[in-house]
Amino acid sequence: MNENLFTSFITPVILGLPLVTLIVLFPSLLFPTSNRLVSNRFVTLQQWMLQLVSKQMMSIHNSKGQTWTLMLMSLILFIGSTNLLGLLPHSFTPTTQLSMNLGMAIPLWAGAVITGFRNKTKTSLAHFLPQGTPTPLIPMLVIIETISLFIQPMALAVRLTANITAGHLLIHLIGGATLALMSISTTTALITFTILILLTILEFAVAMIQAYVFTLLVSLYLHDNT
Amino acid sequence: AAAAAPSLKNAALLRPGVLQATRIFHTGQPNLAPVPPLPEHGGKVRFGLLPEEFFQFLYPKTGVTGPYVLGTGLILRLLSKEIYAITPETFSVISTIGFLVYIVKKHGASVGEFADKLNEQKIAQLEEVKQASIKQIQDAIDMEKSQQALVQKRHYLFDVQRNNIAMALEVTYREQLHRVYREVKNRLDYHISVQNYDASEGTRAHDKLGGEACGAEHLCTAGEGNSRQVHCRSKAARKEGSSSASYVNTSIPIKTARNS
Chain A
1 MNENLFTSFI
11 TPVILGLPLV
21 TLIVLFPSLL
31 FPTSNRLVSN
41 RFVTLQQWML
51 QLVSKQMMSI
61 HNSKGQTWTL
71 MLMSLILFIG
81 STNLLGLLPH
91 SFTPTTQLSM
101 NLGMAIPLWA
111 GAVITGFRNK
121 TKTSLAHFLP
131 QGTPTPLIPM
141 LVIIETISLF
151 IQPMALAVRL
161 TANITAGHLL
171 IHLIGGATLA
181 LMSISTTTAL
191 ITFTILILLT
201 ILEFAVAMIQ
211 AYVFTLLVSL
221 YLHDNT
Chain B
1 AAAAAPSLKN
11 AALLRPGVLQ
21 ATRIFHTGQP
31 NLAPVPPLPE
41 HGGKVRFGLL
51 PEEFFQFLYP
61 KTGVTGPYVL
71 GTGLILRLLS
81 KEIYAITPET
91 FSVISTIGFL
101 VYIVKKHGAS
111 VGEFADKLNE
121 QKIAQLEEVK
131 QASIKQIQDA
141 IDMEKSQQAL
151 VQKRHYLFDV
161 QRNNIAMALE
171 VTYREQLHRV
181 YREVKNRLDY
191 HISVQNYDAS
201 EGTRAHDKLG
211 GEACGAEHLC
221 TAGEGNSRQV
231 HCRSKAARKE
241 GSSSASYVNT
251 SIPIKTARNS
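Sequence lines, in order, name chains A and B.
With the first letter of the first sequence counted as 1, position 163 gets the number 163 in full-length UniProt numbering; the numbers rise by one all the way through.
With the first letter of the second sequence counted as 1, position 109 gets the number 109 in full-length UniProt numbering; the numbers rise by one all the way through.
Derived from the structure by calculation, the hints contain no laboratory data.
Note that the Cβ used here is the ideal one computed from N, Cα and C, for glycine as well.
The reader is advised that the hints may include incorrect statements.
To be verified - Using 30 Å as the maximum straight-line C-alpha spacing, the simulated BS3-like pairs for lysine-lysine come out as follows:
1. B:135 - B:117
2. B:105 - B:44
3. A:55 - B:44
4. B:117 - A:55
5. B:130 - A:55
6. B:135 - A:55
7. A:64 - A:122
8. B:105 - B:130
9. B:135 - B:153
10. B:44 - B:130
11. B:122 - B:106
12. B:130 - B:117
Stated by the list, open to error - One-sided and incomplete, this derived list gives chain B residues near chain A with beta-carbon spacing under 7 Å:
13. 42
14. 89
15. 91
16. 92
17. 93
18. 96
19. 99
20. 109
21. 110
22. 112
23. 118
24. 121
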């Protein structure tokens with residue numbers, strides 16, 4: 001059982017060829033572009049959703065921050081679609097790999113922070129000290145704020161990885177429990193199955209929420225620094 | 001036509017607009033091949049996976065239950081031979097797919113209608129703009145037509161004005177004519193009355209006084225001194241210009257002369 005639990009998280013390789021590339025690139029096929037005024041339902045719904053999300057998320061930024069719109073929108077679409085596709089049976093979720101999440105989080109966070117340091121140096125440095133702190137606490141607070149700044153990319157990556165991985169693991173575990181309980185007592189198995197259904201619903205929600213949270217935090221870091 | 005007309009455009013090595021002219025605008029199909037139009041609805045399926053044609057294909061040989069029996073047999077074979085093994089993942093499959101099917105069955109139609117409504121709103125907005133523009137132009141046309149109709153009817157006004165003016169001119173003309181007639185008649189009446197007077201009274205009194213004071217123009221007929229004064233006075237009045245005032249002046253002395 002130990003080996004079975006984590007087999008779904010191995011990077012898929014077919015005959016030595018990395019299949020993971022195709023898996024990572026696959027969600028882009030699900031967002032077709034259409035130049036028409038009146039498109040089919042699929043494209044219309046996607047365009048409506050994208051417009052809603054971009055309006056809600058980018059309205060807080062000034063014009064310099066709004067240049068990041070394309071980046072953040074593609075980020076939320078990628079993470080959301082990858083997470084949701086990973087809930088299908090026997091599929092691989094790239095966002096369960098810490099390497100990939102670090103690869104997303106560190107450049108985005110670093111870009112935001114360096115933009116802030118280059119363009120508004122004083123304001124960026126001022127973020128290290130919250131307003132209204134009593135004077136004796138200042139040195140300690142500066143150290144704490146620095147640590148919290150540098151932990152931001154780690155937190156972004158690990159949060160996403162942990163949530164998605166934990167969700168997949170739980171689904172697998174509870175499925176295993178249902179299977180084991182089937183032969184012992186069917187009623188308990190049914191209860192466990194109900195729990196599994198609820199968990200699935202939760203996982204769908206988590207998949208979308210995690211995408212949202214990731215992008216939101218990046219946009220917050222951007223807002224601080226533009 | 002642009003190349004035919006001599007202009008500065010043809011002077012340069014590469015005429016302006018040539019690079020853009022070679023770019024093809026979206027006049028034809030997006031593909032090069034003659035693509036047939038897509039049907040509005042896809043093929044009919046059962047269970048969302050199996051096309052209806054499969055069932056129709058098996059119907060002559062196995063009737064209605066044929067494909068179902070085939071499917072059941074295949075699934076049981078997969079399970080019994082453990083080609084598909086029951087793992088914990090099976091339950092996650094059941095729950096995930098069950099959840100998805102439930103959602104699609106419950107909300108699929110409404111989501112489709114929502115998408116249709118979005119498109120319809122977009123088109124309705126543009127249509128409204130078009131209709132407003134058409135209506136505006138139509139209103140302008142109608143107003144122009146009504147104003148043209150009004151202009152057509154303006155000639156009545158001009159006719160009325162013309163008639164008025166003609167009438168006024170006519171009236172003035174007739175009034176002046178009448179006045180001239182009266183003046184002339186007055187003069188002639190005077191002369192006639194003078195003649196009558198001369199004829200009745202005789203010419204001796206006139207000869208006594210002499211006719212040197214008067215000019216040769218007027219009728220120097222016989223009459224008394226007063227009548228001669230009247231003559232000269234009337235000539236003077238004629239010199240001043242005929243007017244009804246002098247006319248009145250000449251008539252009254254005649255009466256007074258006669259009375260005295």
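Evaluated hints:
no. : hint          : in the structure
1   : B:135 - B:117 : 25 Å, holds
2   : B:105 - B:44  : 16 Å, holds
3   : A:55 - B:44   : 38 Å, violated
4   : B:117 - A:55  : 20 Å, holds
5   : B:130 - A:55  : 28 Å, holds
6   : B:135 - A:55  : 35 Å, violated
7   : A:64 - A:122  : 18 Å, holds
8   : B:105 - B:130 : 39 Å, violated
9   : B:135 - B:153 : 27 Å, holds
10  : B:44 - B:130  : 39 Å, violated
11  : B:122 - B:106 : 27 Å, holds
12  : B:130 - B:117 : 20 Å, holds
13  : 42            : 11 Å, violated
14  : 89            : 6 Å, holds
15  : 91            : 4 Å, holds
16  : 92            : 5 Å, holds
17  : 93            : 4 Å, holds
18  : 96            : 5 Å, holds
19  : 99            : 5 Å, holds
20  : 109           : 11 Å, violated
21  : 110           : 12 Å, violated
22  : 112           : 6 Å, holds
23  : 118           : 5 Å, holds
24  : 121           : 10 Å, violated
In this structure, the earlier hints numbered 3, 6, 8, 10, 13, 20, 21 and 24 are contradicted, and the remaining ones agree with it.
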